[in-house]
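A.B. asks: Here's the letter readout for the chains.
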Amino acid sequence: MKETPHGVCIKRKKHVLPAVITLALSLSAGAASAQSAAQKAVDAAKKLCNGKTITVVWEAGLQSLDPKNFSGPMWEKLTSCKINVVEVPTAEMFTKIIQEYRAGTGAYDALNIIPAWLPDLAQAGAIEQLDTMVDKYGYRAELQKIAPTYRDNQMMVNGKIYAFPDDGDVFVMYYRKDLFADAGLQKEFKAKYKYDLAPPKTWKEFGEIGQFLTEKLKAKGVYGASQFREPGYGNFMFQERFRNEGGKFFDANMKAQINNAAGVKVFTDWKNENKFMPPGVEKFGFVENLAVFLKGESAMTISWPPYGRFAAGYIKDEAMKWVPESKVSGKVGYALPPGGHPELAAGFTLGVASTSKNKELAYLFIQWLNSEEISMKRVQLPFALRDPFRDSHFTSKEYMAKWPDAKDYLAALQAGSKTGLLDLSLIQTDKYEEALRQGISRLWAGEDPKKILDDVAKQWDDITAKVGLDKQKAVYNAWAAKSGAYPK
Amino acid sequence: MPHAQSGPQDRYFRHLLVAPSILVLLLVAVFPLIYLILVSFQGITMTDNDTRFIGFVNYLHLLEDRRMWEAVLHTLMFLLIALPLELILGLFMAQLFLDQLPGRQVFIALLVLPVVISPIVAGATWSLMFDDRFGPINQILGWIAGHDVHLLWTIKPELVYSAILVAEVWQWTPFMFLLLLAALANVDKSQQEAAAIDGAGYWQIFFKIVLPSIWPVMAIALMIRALDLFRLFDIVWALTKGGPGTMTETLSIFTYNQGFKQFETSYTAAVALVIIILLTAALLWTLRRVELSR
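First to last, the sequence lines map onto chains A and B.
For what it's worth, this note's numbering labels the leading residue of the first sequence as 205, then goes sequentially.
For what it's worth, this note's numbering labels the leading residue of the second sequence as 22, then goes sequentially.
Extracted from the complex, chain A is given alone in its bound form:
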């Protein structure tokens, strides 16, 4: 040991130093726990940034206005980290993410991931496991405050965290309160069907009410209902309705059951219901259906949460000019779709690309985005299509003040999140969904429901065999054990 003029003093300090360090650490730990997760992310990012740019993959269009116009500039101001947004159409997001991973370019840092893709991306190794960083940056407590359906079902693969649920997508039934409250219609309906005219609780009621309202209101340009029928959207509608009708996707031996009585009933009912919906409903996707509903041409519809906000007509934003002016503002009620178990259709989670060269920074950015404080602001952005997903979002006074019925709207979203059904999520989920989408388009081409579903079931069995029966069965069983897989 080297002697110094201050040797003695140093020896004394050696005794004092551990105590000081311990005290300092405990003080800083105390301070850190008092800090919000957003602030922790900002503080850590400030030290790591050095002018670096984080590239995030985001759904093209309105969704990406969040990082482009709101969260990105805010993050840059707080941390000096720059955000580069790569906009990708939804249908190409999975492809782009997996292609980049295979190419290993490190072009993407943070990712928007549809929850159903998580097993595929985790198995391929394309996304980073986040547990270590969650603990390192003290985010576990705030993660627990995400609404249970999303937290418990859309975050982990094999018990490990791979993404943060970031979008409370759930189907809600929107109905015209004014029409349902019409005394004349109520009287006539009750006389004919022996129950009150009210938002339908079953699909049988939906059919009867839709048919009745079309008969009574078609002359005024109003149809009883309109729905998504375009195969891409119909896929979600089918998954919801099939399970509400008692269907299970696979039996105990992993044999596809989509062609059972429940599946055939859904397809047959769809064809019959189209007769009281607007002409061309077979092509209705998000925008077509929205236009019809906002113009007041449909008495009922089922869709994602933004419909409720658009219909309320409170949104005044340059980016929202494409939305037709709402003629039903103040006239829309919110309810759970028939069956009571809405689809938690699509949704988005935030993850980190395993090929990223800035994993820690990317992580900090998504922790900040997803945090209680920042997400509260993001789900209220008029243009970004991010929907409430934390308990606090559903009870936010600020949100409830947005329009007179906002409280009912948030209550419907929360109720939906509690009973909602997860999208089917397996290895190579999209292959199963693609077979179903093709089946739906064949239905609109006029083919027999049973024959179509038999073909789809055969395709599903072939896909399962190719993936590996036991391997896929294990993934399915893990999915089926989740709280939102089937109605309880």
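Quick caveat, the hints were computed from the structure, so don't treat them as lab data.
Bear in mind that the values here come from a model prediction, so they are computed numbers and not experimental data.
Some hints could be false.
With a Cα cut of at most 30 angstroms, we get these calculated DSS-like pairs of lysine-lysine [stated by the list, open to error]:
#	chain 1	residue 1	chain 2	residue 2
1	A	Lys349	A	Lys272
2	A	Lys662	B	Lys282
3	A	Lys469	A	Lys686
4	B	Lys282	A	Lys475
5	A	Lys424	A	Lys525
6	A	Lys662	B	Lys177
7	A	Lys420	A	Lys469
8	B	Lys177	A	Lys424
9	A	Lys670	B	Lys262
10	B	Lys262	A	Lys475
11	B	Lys262	A	Lys662
12	A	Lys408	A	Lys487
13	B	Lys282	A	Lys300
14	A	Lys654	B	Lys177
15	A	Lys655	B	Lys177
16	A	Lys499	B	Lys177
17	B	Lys282	A	Lys487
18	A	Lys561	B	Lys282
Let chain A serve as the given structure and place chain B on it in line with the hints.
C.D. replies: Leaving out everything else, chain B in the frame of chain A:
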């Protein structure tokens, strides 16, 4: 002036000059082809890390893949209907514009416009034209019928093929027209006049003089369009994405779906290789036929 004898040094110099282009050719054409062949014998999917060689499994699967053969059938059907239509219409239009009509240049420029539009844009435009609610085609049919018409052009099997063919023929007939107009303009007028004086009729002159004269150009035009139609993708994708079901799925759409939606990398490589072989064979056969006819 006699050619100077080229020595070994000259030869090396010449080889040196062409070496870069050969290297580029090897890199951009031969290497990918070899890699494609290799991949086609593996079991690669983008969502898995398995890269084992699996022999001829992909090729055997290809033979029994009903969806692929249906895609071949759809492709051939589009080819066999669209190609003659484009040829006949193009030839008819070229004959029409052969004479110096007033405003001829303006009309030709307008007629050629569809060719300069990107096929995906043309497809998207026709998709709007065929829209059942707001499309002008249903509206016009509605005026004629005297009531609302809601034909689902891109959904109903009885309508979907005609919708695709209309869009395809609309876009590419002008291409035939342009080439055939140029070819017809170069046919020797004196031969036709002499034949007419000798009493030959219109069709005799056309088949005995005009057609043989324009045949080389026509054959090339047919070959280019046939290759394009064999690779038909954009217009069908924009209109139907291969639906309803897989009813209008062409070979290109099938390949795209397998490669970039189903992530069957090795299987797609096998399909692509078979397409390359088929197209190369067809191309060589056609070129030989054209050569023989000259």
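A.B. asks: If a hint holds in the structure, say so; if it does not, say that too.
C.D. replies: We went through each hint and held it up to the structure:
no. : hint                : in the structure
1   : Lys349/A / Lys272/A : 27 angstroms, holds
2   : Lys662/A / Lys282/B : 19 angstroms, holds
3   : Lys469/A / Lys686/A : 26 angstroms, holds
4   : Lys282/B / Lys475/A : 28 angstroms, holds
5   : Lys424/A / Lys525/A : 27 angstroms, holds
6   : Lys662/A / Lys177/B : 24 angstroms, holds
7   : Lys420/A / Lys469/A : 26 angstroms, holds
8   : Lys177/B / Lys424/A : 29 angstroms, holds
9   : Lys670/A / Lys262/B : 25 angstroms, holds
10  : Lys262/B / Lys475/A : 22 angstroms, holds
11  : Lys262/B / Lys662/A : 22 angstroms, holds
12  : Lys408/A / Lys487/A : 23 angstroms, holds
13  : Lys282/B / Lys300/A : 11 angstroms, holds
14  : Lys654/A / Lys177/B : 19 angstroms, holds
15  : Lys655/A / Lys177/B : 17 angstroms, holds
16  : Lys499/A / Lys177/B : 27 angstroms, holds
17  : Lys282/B / Lys487/A : 22 angstroms, holds
18  : Lys561/A / Lys282/B : 27 angstroms, holds
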